[in-house]
Amino acid sequence: MHEVSLVQSLLDLIEEQRKIHDFSRVTSITLSFGRLSCVEPQTLGFAFEIQSQSTVAEGAALHFDIQPVVLYCFGCTRDSRIEKFPADCSWCGSPEVVVVEGTEELRLVEMDVE
Amino acid sequence: MVSTIRVVQNILDANERIAANNRTLFDQKNIYVINLMSSPGAGKTTLVEKTIEALRGKYRIAVIEGDIQDTVDADRVAKLGIPAVQINTGGACHIDGNMIQQALSSLDLDRIDLLICENVGNLVCPAEFKVGENAKVMILSTPEGADKPGKYPLMFRESAVMILNKMDLLPYVDFDMAKAKRDALKLNPSLAVFEVSCRTGSGLEGWVRWLGNQIESFKNRGRE
Ligand SMILES: Nc1nc2c(ncn2[C@@H]2O[C@H](COP(=O)(O)OP(=O)(O)O)[C@@H](O)[C@H]2O)c(=O)[nH]1
Ligand SMILES: [Mg+2]
Ligand SMILES: [Zn+2]
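Same order as they appear, the protein sequences are chains A and B. Take the first sequence: its position 109, counting from 1, is numbered 109 in this note's numbering, and each next residue is one higher. Take the second sequence: its position 196, counting from 1, is numbered 196 in this note's numbering, and each next residue is one higher.
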């Protein structure tokens, strides 16, 4: 349900941008977040569709740039890119790893406007 | 004409600004603040009660309770003679900087050393919304299972402390403690872990000592 708050904040950001750039319609929005950051693209898209009605962002296409999860291994000092967490080092199998990427917060990267 | 605007901004910037304002106020008033998070029923309010019992002789404590609707938790705390404010999250699944800011008007900030904010029971959203806390503290209780760090990674990543509660139930539940700790530490190697039972009181002294130390070093900040 945090999607409602996230979408509201996104719409506020878009409104701030509209004051600067003076556009009448947003056609496409690119968002980014880490795979482990608990953002659910489908739920977010659904909330966006409803909440953006009669705003400049109504009908805009959402694109998600999902950042992968990267582990650093204390054993062999290499990084592994993993599909699923939890996981061990994919080089040496050591469980002594730390997540170094993949928890990035939700960001508005760019948008196409007219 | 179509053009592309490059923004690159955190969606929750506005909340972070409000949380930072709260933080500035807490610093001025010397108030150490924890944001307490867990699933519903993991033991947040019970831990609040135990923490009050242990530290009330030493620090002036106040509590903000963020429940979706009722005031049961605030009543439990008020019964102990501790200032307690209930905030209505209006159906939201988390508390945010703005709600805390509003709740502060019901508290005497000149008479508080430790403010505990009990978040709404939820392992997903509260981790994203700062309120101006010094530390996020999370509780994982043994009946919930050891798969939680894998399912709700952000909470474990963001917290300074993980309290493993309901250790008294360990013999009856299928909780893989080694796995829970290992996966949590993969997300956050500096996580402080305490195994406790709020029912029997076992292990609570470690948590209370940690919190006391944090409050002391906060009070002595900038003083060498
Ligand atoms: N067995 C056991 N029960 C506990 C423990 N801590 C809390 N509880 C019980 O768990 C239930 C939920 O606790 P509460 O503090 O209200 O959880 P909250 O929803 O996270 O605030 C209550 O019935 C508590 O008495 C514990 O360490 N062991
Ligand atoms: Mg409670
Ligand atoms: Zn390795």
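The set of hints was computed from the structure by calculation and includes no laboratory data. Some hints here could point you the wrong way.
With a straight-line cut-off of 25 Å between C-alpha atoms, the simulated BS3-like cross-links for lysine-lysine are [stated by the list, open to error]:
(1) LYS219(B) - LYS50(B)
(2) LYS84(A) - LYS151(B)
(3) LYS84(A) - LYS181(B)
(4) LYS84(A) - LYS179(B)
Chain A stretches covered by chain B per the calculated footprint, using a threshold of three residues with CB under 8 Å from any CB of chain B [as the list claims (entries may be wrong)]:
(5) 25-38
(6) 41-53
(7) 59-65
(8) 82-96
Since this is a predicted model, take the numbers as computed values, not measurements. Where is the CB? At the ideal position from N, CA and C, for every residue including glycine.
Provide an ascending list of the numbers of those earlier hints which the structure does not satisfy. The structure breaks hints 6 and 7; every other hint is satisfied.
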